[in-house]
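Residue numbers (the numbering used here), protein chains in the order written: chain A, 16 to 436; chain B, 1022 to 1250.
These are computed hints drawn from the structure, not numbers from a lab. C-beta: ideal position from N, C-alpha, C; glycine also. There could be a bad hint or two in this list.
Stated by the list, open to error - With beta-carbon atoms standing in for the labels, derived distance ranges:
#1 A:Val377 to B:Gln1093: 32 to 40 Å
#2 A:Gly28 to B:Gly1040: 39 to 47 Å
#3 A:Asn307 to B:Glu1142: 33 to 41 Å
#4 A:Met400 to B:Asp1099: 42 to 50 Å
#5 A:Met31 to B:Gln1093: 30 to 38 Å
#6 A:Val410 to B:Arg1025: 47 to 55 Å
#7 B:Glu1226 to A:Tyr435: 51 to 59 Å
#8 A:Val377 to B:Glu1226: 54 to 62 Å
#9 A:Asn19 to B:Arg1025: 52 to 60 Å
#10 B:Asp1099 to A:Asn307: 31 to 39 Å
Claimed, not checked - Some chain B residues near chain A, calculated using beta-carbon distances under 10 Å:
#11 Arg1123
#12 Leu1127
#13 Asn1184
#14 Phe1232
Said to hold, decoys possible - Straight-line Cα separation of at most 25 Å, DSS-like style, residue types lysine-lysine; simulated pairs:
#15 A:Lys263 to A:Lys299
#16 A:Lys337 to B:Lys1097
#17 A:Lys32 to A:Lys337
#18 B:Lys1208 to B:Lys1149
#19 A:Lys32 to B:Lys1208
#20 A:Lys222 to A:Lys205
#21 A:Lys75 to A:Lys299
#22 A:Lys258 to A:Lys89
#23 B:Lys1185 to B:Lys1164
#24 B:Lys1164 to A:Lys32
#25 A:Lys42 to B:Lys1097
#26 A:Lys426 to B:Lys1208
#27 B:Lys1185 to B:Lys1208
#28 A:Lys263 to A:Lys75
#29 A:Lys337 to A:Lys75
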Amino acid sequence: MNLNYRQFRYETGESMKMALFQIRANKTRSFLTALGVIIGIVAITMMGTAINGIDLGFEKSLAMIGYDVIYVQKSSWSTMGQWWKYRNRPDIRTDYAVQINRTIADTPRSELVVAVPQMSTFQASARYRDRLLQQVFSLGTNQDYPLTASGDLSEGRFFTPQESAAGDMVCVIGDDIATGLFPHEPSIGKAIRLKNSNIRVIGVFRKQGKFLGLFSFDNQLVMPLGAFEKIYGKSPFVSIRIKIRDQKRSSQANEEITGLMRRIRRLSPSQENDFAVNEQMAFKSQLDPIKNGIAVAGIFITGMSLFVGAIGIMNITFVSVKERTREIGLRKALGARRRTILLQFLIESVMICMIGGLIGLVTSVSITFAIRFIMPDFPVRFSPMLVLASLAVSVITGVVSGLAPAVTASKLDPATSLRYE
Amino acid sequence: MPTRSIITMQSLSKLYEMGDQVVKALDSINLDFRLNDYAAIMGPSGSGKSTLMNIIGCLDTPTSGNYELNGQQVAKMDDDELARIRNREIGFVFQTFNLLPRLNCLRNVELPLIYAGVAPEEREERAKEALIRVGLGDRITHKPAELSGGQIQRVAIARALINKPSIILADEPTGNLDTATSHEIMKIFGELSEAGNTIILITHEEDIARFTSRIIRLRDGKIESDTRQ
C-alpha cells in the first residue's frame, strides 16, 4: 500500500514535469489547442458576468423606484403597450391621495403608510439665461414625496408643507439639470424658466443614474402640485405613490390599496378594476424570461465552443500519442504500468485545459474591467463562483478530451511501440 | 560448480497469425540461462531472435510453454505484472538508445526508479553512481543531443543497471556505433559480466558475439547451436 502510494506520487510528479516539458516544447501547438478552451471559458464567464450585471443593474434600478413603494396608475406596467385596454379608463386624480391618507389614518393595522400624489409632464424643457435643457421631466407633488423616493439631496432642502399647500414657485432639481444649467455656479436660489414662468431652485438631488438604462432620475424637476398646475395646467399623467409598511407583505398592501381604490371609484363587485396597482415585481416578472433566454442561448453557445475545443484537444492528444509511441514503449519497458501512461496523457490534456482556462479567465476579467472603464454605467459583475465554475469546466474538458487518447496510449503494446518509426 | 538458473524456458512457442497463415516465430524452445551468464543470441533475420528477446524481456508473452524468470512464472502474467517484472528484473539496452531527448543524463537514468517508487534523493544518488560506473560522472547534466553515440549508449547502460536487475538484455547494442565505439561498449559489458551481472546480447555481428562466453544460434524459430567458449 505504502509502496503503491509512493509510486503514484512520484509517477504523478514525473508526469506533471513531462507535461510542462511537452507544453513548453510545443508552444504554438499548445496555444492553438488551448484556444478552444480559452474561447469557451471567455464565453462562459462573459455570459455569467452579463447575467450578474443584469441582476445588478436591475437591483440598482429597483432601489431607485423604491422597494417599498407601490403606484396607483391608469395603466399596468406588466402589460405595457396594450394601450387600448386603458384608453377609456377614467384618469387618476391627485385628490385620491387625500382620500387614501384619510383611510390610512382611520385603519389601525393598515399595511400602507402614506400616499403621495404625483403629476408629471411627458417632456418639458427648462431654461436659465441662454442655456436650454430639453428632455426635462417635471413633476408636481407634495412635501411627502421624499418618503416615497430614494433620492437624497446633495444641496439645499425639499419644499415645506406650507410651500406645498400654497403652491409656491420653488423646485428641487436633479443632478443633470443642476450641472446642465449651472455648470460653474451654485444653483440654489437661481430662477429657472419653465414655459412662461420662473421657478426658484431650493434643492438639488444627489446623482442616481438611469433606471434600467432607459430613464434618468437625474433630469427630474420636482415642485409643489400648485406650482406645477400654474405652469403646465392639469396634466393627465397622474400617479399616486404609496409607501407600504413592509416590502415582504407587498401583496397584502396591494390588496388593501386595490380595495380602497375600488371604493373610491365606487365599483360594484362585478366590475373590473379601472385602475392599475403597480409594483416593482412587475418588472421582475418581465425581466426573468429575458434573463433565462440569455442564459439558455449562452449555455448553448458556450457548450458549442467548448465542444469544438474539446475535439481539438482530443485530436492533438491523439497526434501526440502517435508521435510519442516510441517513448510510450520505452516507458513501458522501463516499468511504467498502464495507469501510469494513462495518467501522463490525462495530466497533459488537463494541464493544457487548465492553462487555457486561466488565460480565458484573465481575458474576461480584463474585458470586464475594460467595459467598466469605458462605460461605467453598463452593469457588469464578476463573481468568484464564476472563477470556480470555469476552472471546473476546464478540468472536465481536459479529462473528457484526453481520456480516449490516453486509454489508447496505455494499451499500446510495448514490443511494437519500441520499434515504431 | 553448478550455478543456479536465472531463466528457464521449456517448450516455449510463439505463433503469429499473418492473415490465414500461422507463422511459428519460436518453435518449442528449451533454454536456460544461469546466473552470471554472458551470452549472445545470433541468427539471420526472421530466425526469431527478436521474438525471443521480447519474451525474455517480458515485453511479450509466449503462446505456449513455460518461462520462469528468477523464480517467477512469467508466461501467464498480465500487463501490469509484466511491467513490474521489467522494472525489477530486466535492464534494457537498445540499438537506438531510446533516451528521452528532453531529459538530461541523470533524469534519463533515474526513470526506472520513478516507476519503482524510490524517493527523489535516493534516485539521484543511485543515478549518479551508475553514471560514474560507466565513466560519465562528468556528463550528468548533459542532454543526449550533447553526447556522442558511444556516450549515449553508456547512459543507456547506466539506466539498465540502475535498478540492479537480474539480467541485462541488450538488443543490438552496437548496431548504430562504429567499430572502435562498439569495442568500447563491449568492454563495459565485459566488466559488468566480471562484476557478476547476467548479460544477454542479441546481435548479428560475429566479432561482437566473440566478446561473450556463450553463443546461441537460432534458425527458423529453433535453436541451431548453443556453444560455450
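Results for each hint:
1. Separated by about 54 Å at the C-beta atoms, Val377 of chain A and Gln1093 of chain B break the suggested range of 32 to 40 Å.
2. The given range of 39 to 47 Å is respected by Gly28 of chain A and Gly1040 of chain B, whose C-beta atoms sit roughly 45 Å from each other.
3. Against the hinted window of 33 to 41 Å, the Cβ-Cβ separation of Asn307 of chain A and Glu1142 of chain B comes to about 58 Å, which falls outside the hint.
4. The hinted range of 42 to 50 Å is satisfied by Met400 of chain A and Asp1099 of chain B, whose Cβ atoms lie roughly 45 Å apart.
5. Taking the beta carbon of each, Met31 of chain A and Gln1093 of chain B are about 33 Å apart, inside 30 to 38 Å as hinted.
6. Separated by about 52 Å at the C-beta atoms, Val410 of chain A and Arg1025 of chain B satisfy the suggested range of 47 to 55 Å.
7. Checked against the hint of 51 to 59 Å, the pair Glu1226 of chain B and Tyr435 of chain A fails, with Cβ atoms roughly 24 Å apart.
8. As the Cβ distance of Val377 of chain A to Glu1226 of chain B is approximately 59 Å, the hint placing it in 54 to 62 Å holds.
9. Checked against the hint of 52 to 60 Å, the pair Asn19 of chain A and Arg1025 of chain B fails, with Cβ atoms roughly 30 Å apart.
10. Against the hinted window of 31 to 39 Å, the Cβ-Cβ separation of Asp1099 of chain B and Asn307 of chain A comes to about 53 Å, which falls outside the hint.
11. Look at Arg1123 of chain B: its Cβ gets to within about 5 Å of chain A, closer than 10 Å, so that hint holds up.
12. For Leu1127 of chain B, the interface hint is violated, since its Cβ never comes within 10 Å of a Cβ in chain A; the closest pair sits about 13 Å apart.
13. Given hint, Asn1184 of chain B at the interface with chain A, holds; its Cβ is 8 Å from that chain's nearest Cβ, closer than 10 Å.
14. Among the interface hints, the one on Phe1232 of chain B is violated; its C-beta lies about 24 Å from the nearest C-beta in chain A, farther than the 10 Å criterion.
15. Annotation: proposed proximity of Lys263 of chain A to Lys299 of chain A holds, straight-line Cα distance about 15 Å (limit 25 Å).
16. Taking the CA atoms of Lys337 of chain A and Lys1097 of chain B, the gap is near 29 Å; set against the 25 Å cutoff, the hint is violated.
17. Between the alpha carbons of Lys32 of chain A and Lys337 of chain A the distance comes to roughly 20 Å, so the proposed pair stays at or under 25 Å and holds.
18. Taking the CA atoms of Lys1208 of chain B and Lys1149 of chain B, the gap is about 21 Å. The hint holds against a cut of 25 Å.
19. Distance check on the hinted pair: Lys32 of chain A and Lys1208 of chain B sit about 36 Å apart at the alpha-carbon level, beyond 25 Å; violated.
20. Our distance criterion of 25 Å between C-alpha atoms is met by Lys222 of chain A and Lys205 of chain A, whose separation comes to about 20 Å.
21. Distance check on the hinted pair: Lys75 of chain A and Lys299 of chain A sit about 13 Å apart at the alpha-carbon level, within 25 Å; holds.
22. Taken as a hint, the Lys258 of chain A and Lys89 of chain A pair is honoured in the structure, with Cα atoms around 18 Å apart against an allowance of 25 Å.
23. Between the alpha carbons of Lys1185 of chain B and Lys1164 of chain B the distance comes to roughly 24 Å, so the proposed pair stays at or under 25 Å and holds.
24. Under the criterion of a C-alpha separation no larger than 25 Å, the hint pairing Lys1164 of chain B with Lys32 of chain A is consistent with the structure, at around 16 Å.
25. Annotation: proposed proximity of Lys42 of chain A to Lys1097 of chain B is violated, straight-line Cα distance about 44 Å (limit 25 Å).
26. With a CA separation close to 38 Å, the supplied pair Lys426 of chain A and Lys1208 of chain B exceeds the 25 Å bound.
27. Proposed proximity of Lys1185 of chain B and Lys1208 of chain B is supported: the alpha carbons are some 19 Å apart, at most 25 Å.
28. A C-alpha spacing of about 18 Å is found between Lys263 of chain A and Lys75 of chain A, which places the hinted pair at or below 25 Å, so the restraint holds.
29. For the proposed pair Lys337 of chain A and Lys75 of chain A, the alpha carbon gap of about 56 Å is over 25 Å, so the pair is violated.
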